[in-house]
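Undergrad: Listed here are the chains, written in short residue letters.
There are 2 protein chains.
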Amino acid sequence: MLRDRIRYPRLLEKLATADEAAAMIEDGMTIGMSGFTRAGEAKAVPMALAARARKHPLKITLMTGASLGNDLDKTLVEAHVTARRMPFQSDPTLRKAINAGEVMFIDQHLSETVELLRTRQISPVDIAIVEAVAITENGGIVPTTSVGNSASFAILADKVIIELNLSQPITLEGLHDIYIPSKRPSRMPIPIVTPESRVGLPYIPIPPEKIAAIVVSEKVDSSSTILPPDEDTKAIANHLTDLLLHEVRHGRMGHDLQPLQAGIGTIANSVLHGFLDSPFHDLKMYSEVLQDSTFELIDAGKMTFASASSITLSAEMYQRVLPRLAEYKHHLLLRPQEISNHPEVIRRLGLISINTALEFDIYGNVNSTHVGGTHMMNGIGGSGDFARNAYLSVFVTKSIAKDGAISSVVPMVSHVDHTEHDVDILITEQGLADLRGLAPRERAALIIRNCVHPTYRDQLSDYFSDALKRGGHTPHVLEEALSWHQAFRNGKTMLKA
Amino acid sequence: MLRDRIRYPRLLEKLATADEAAAMIEDGMTIGMSGFTRAGEAKAVPMALAARARKHPLKITLMTGASLGNDLDKTLVEAHVTARRMPFQSDPTLRKAINAGEVMFIDQHLSETVELLRTRQISPVDIAIVEAVAITENGGIVPTTSVGNSASFAILADKVIIELNLSQPITLEGLHDIYIPSKRPSRMPIPIVTPESRVGLPYIPIPPEKIAAIVVSEKVDSSSTILPPDEDTKAIANHLTDLLLHEVRHGRMGHDLQPLQAGIGTIANSVLHGFLDSPFHDLKMYSEVLQDSTFELIDAGKMTFASASSITLSAEMYQRVLPRLAEYKHHLLLRPQEISNHPEVIRRLGLISINTALEFDIYGNVNSTHVGGTHMMNGIGGSGDFARNAYLSVFVTKSIAKDGAISSVVPMVSHVDHTEHDVDILITEQGLADLRGLAPRERAALIIRNCVHPTYRDQLSDYFSDALKRGGHTPHVLEEALSWHQAFRNGKTMLKA
Chain X
0 MLRDRIRYPR LLEKLATADE AAAMIEDGMT IGMSGFTRAG EAKAVPMALA
50 ARARKHPLKI TLMTGASLGN DLDKTLVEAH VTARRMPFQS DPTLRKAINA
100 GEVMFIDQHL SETVELLRTR QISPVDIAIV EAVAITENGG IVPTTSVGNS
150 ASFAILADKV IIELNLSQPI TLEGLHDIYI PSKRPSRMPI PIVTPESRVG
200 LPYIPIPPEK IAAIVVSEKV DSSSTILPPD EDTKAIANHL TDLLLHEVRH
250 GRMGHDLQPL QAGIGTIANS VLHGFLDSPF HDLKMYSEVL QDSTFELIDA
300 GKMTFASASS ITLSAEMYQR VLPRLAEYKH HLLLRPQEIS NHPEVIRRLG
350 LISINTALEF DIYGNVNSTH VGGTHMMNGI GGSGDFARNA YLSVFVTKSI
400 AKDGAISSVV PMVSHVDHTE HDVDILITEQ GLADLRGLAP RERAALIIRN
450 CVHPTYRDQL SDYFSDALKR GGHTPHVLEE ALSWHQAFRN GKTMLKA
Chain F
0 MLRDRIRYPR LLEKLATADE AAAMIEDGMT IGMSGFTRAG EAKAVPMALA
50 ARARKHPLKI TLMTGASLGN DLDKTLVEAH VTARRMPFQS DPTLRKAINA
100 GEVMFIDQHL SETVELLRTR QISPVDIAIV EAVAITENGG IVPTTSVGNS
150 ASFAILADKV IIELNLSQPI TLEGLHDIYI PSKRPSRMPI PIVTPESRVG
200 LPYIPIPPEK IAAIVVSEKV DSSSTILPPD EDTKAIANHL TDLLLHEVRH
250 GRMGHDLQPL QAGIGTIANS VLHGFLDSPF HDLKMYSEVL QDSTFELIDA
300 GKMTFASASS ITLSAEMYQR VLPRLAEYKH HLLLRPQEIS NHPEVIRRLG
350 LISINTALEF DIYGNVNSTH VGGTHMMNGI GGSGDFARNA YLSVFVTKSI
400 AKDGAISSVV PMVSHVDHTE HDVDILITEQ GLADLRGLAP RERAALIIRN
450 CVHPTYRDQL SDYFSDALKR GGHTPHVLEE ALSWHQAFRN GKTMLKA
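Sequence lines, in order, name chains X and F. Under numbering that gives the first Met the number 0, the first residue of the first sequence carries the number 0, and numbering increases by one thereafter. Under numbering that gives the first Met the number 0, the first residue of the second sequence carries the number 0, and numbering increases by one thereafter.
If a hint is listed, it holds; no wrong ones were tucked in.
Copies of the same chain look alike in the list, so a pair counts if it fits in one copy or across any two.
Straight-line alpha carbon distances no greater than 35 Å define the calculated DSBU-like cross-link-like pairs of lysine-lysine that follow: (1) K491 x K468; (2) K218 x K301; (3) K58 x K468; (4) K468 x K95; (5) K58 x K182; (6) K397 x K95; (7) K468 x K397; (8) K95 x K158; (9) K301 x K182; (10) K328 x K158; (11) K468 x K401; (12) K182 x K233; (13) K468 x K73; (14) K54 x K468; (15) K328 x K182; (16) K218 x K158; (17) K73 x K218; (18) K468 x K495; (19) K401 x K495; (20) K401 x K73; (21) K301 x K233.
If you're looking for bench data, these hints aren't it; they were derived computationally from the structure.
Chain X extracted, bound-state conformation:
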């Protein structure tokens, strides 16, 4: 059985327990671990590391693809293992430690982490820990439900620990396309010209001697926690459909649109779900994560191909998809996140990019990360990679949060992740603002008219009127610009008396 999964015979000698593998990790090391959007993370070794640290304290820098499932970040933080963390996270316990200044978090564009590693601009990975579904005849690593940064971690690390996960279906093999950009100054173009372009290997190529241990595990991925569509997300989806129909009518694209990207989470998933009832067909995705909506669209015959770096599904959808993976396989491809999120490919393909904003302001600047300007939520993730380089950069959010105590449309965002230069379309359940070709004053009028919740419309209008009296290309009343955030902090609502 195990020989079917470990096909390079000498590596059978490397079988080890999770404790034995975790013992290889030393205090102060940098660990590069698989895992992207709660999919395909190493599971046994980090748990063993946490157990060990509870007795014999140690600290590491932990790099991953993106967020981890199975409460791994929580467990590692509670065991005081995580000193530094990059490039993304979404765990409440880790978030609290980051905001308390206990864990140093480096919030990076997801396409850039391995570029920094490759050029040795940040501290190198000592050990890579990669979940695999198999090891090939030549010692190559076949990843599981995500590729993330695993390929470059394994290639760049001194040692590699494999977690061979027997509960991940072997049909995953053949789904991956591992392409690593060549080193500068002789780097060549990435030859991807359509979402289905296969340009690499179906496994991560490393010298088998680097594999220091193979740990067998059977723990499954955490299922996603997204909520079903509601009235607001349906309204957002409808506004987007109307816009895209307008683009089709003006001859800017066909009914197959441009390749789609949608960020992780409930709103973006719901918006994509909305394409089920749209007149669009023969859709393609070039995204970072495939959620339930992708498989619904494939099943409905609406989508022909989806490329990403991971698959993260609800419990029900996992049960539907995993047994039939062989059937889905010719519709899917999983790539390293450096490639799924690469500016070069995103710009070339001309994506329609749909990401979630925490808040946006009247001039079109978007905050994706910081609550109240100071407290980290999850991280920028891939939203910057996509928004900057997309054909059409769309940000979606509900117009209010916390039962109306927070307006998602504010005078000035309290933290900027995406500047006015990178945002084409803003959508709330209230409506849509098409900012293309507009000056800041024109954008403000449109956003106030179309996107803000009625409760806050007059208040925002008043701000803009006052700002106009001060003048400028981007009028502001500086002493009032962040006052809505201050009001929420002090009085629990942004709404003025």
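For this one, chain X is given, so just place chain F on it according to the hints.
TA: Structure of chain F alone, referenced to chain X:
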């Protein structure tokens, strides 16, 4: 004589006066004009248009490559011709009109304007006006000292007006490399793999029938207005040299470094000038504009090749370079700004990118455009194209302005053009902060220690201490975050009593 410059004989019939050509422009049209960093703009026709508008008012949308010389923007604004303007400008009169809300200015990444035009996401160009040094045997347009957006303007416009500038040396012919990305969905990789890659044509290919008029002109480009290096810019250059030596010592690059990009203006030019006295050699540039420093480096044997979209020199340097252009030609290439600034190429080549900040904050966010958060200076230009995709993204500025009344290092920038995710290195004459791999709290400590002017160090330290008490990943005291800008607005100094 003229036949040597207009080699497609039938086009001799299109010779016209500037007034005749200007008469083709109708009220409400969108005009795409050559001109990038005060180089190679059309000169006679816009002047004739302004003269006409003073008698018979009309309004246009004016798109260019970037800034114009010869007071063209001033003249057009004073004649009330400019209703909308994109994607960049640097004229005091236009700036005033923009900040008064009289001209709608759309401040764009310089690589993106023609992408929006090509996909018809903004209003199409009715007439292109392009300065040329010659028209080839097959009717192709040979640009002058800049390419800018001229190629796509001419290709996409219904009509093209040529300004044949006889004072521009014919030796410019052969310097240009016109490559236009193919249309989606069949767009191929841009085949540039080194700064000297020649991938296109030496002229702009259009059907000669589209040429509606040829106007002969002899007005020269405005010379640049940069100041010579001073003690502060020398100190900035020295800090950068130290950093790059550190990179070489750590094996991250050789003494030929990575290809260099430097923004327009005095500080970036001075920093590049500083490479004359550095131990680096065999340097290459992949930039948007070539200034005096590039030619000094070529003359000194320090630089082997420079690719850009324009050449903008001081009066003295023009006299030195233009007569010897044939000798420089095998060291130079001028490309469309879409290509000189293309994310795909910038990321592939791995540039060291040096741009000027108006101000930056303790967490590494950079403001390149807005004075006091509201008033447009020039525009983002290419700084975003480069900073986001560079190997090493460096921002430079003097630590104080207006004799110390303004600190360039502030608690929170009043406008964000480059987010913390895109800024690697900050340099003032005081010192350098290497932000790579650091969390926000770590960056703040470093920036306060190394970059801020001593006059403001305690004041900034106090802010950071207060912010730390509030907590968060990016600590701020929201009600104080923009108070320095407010203090300058109200009391003419950021310095607190």
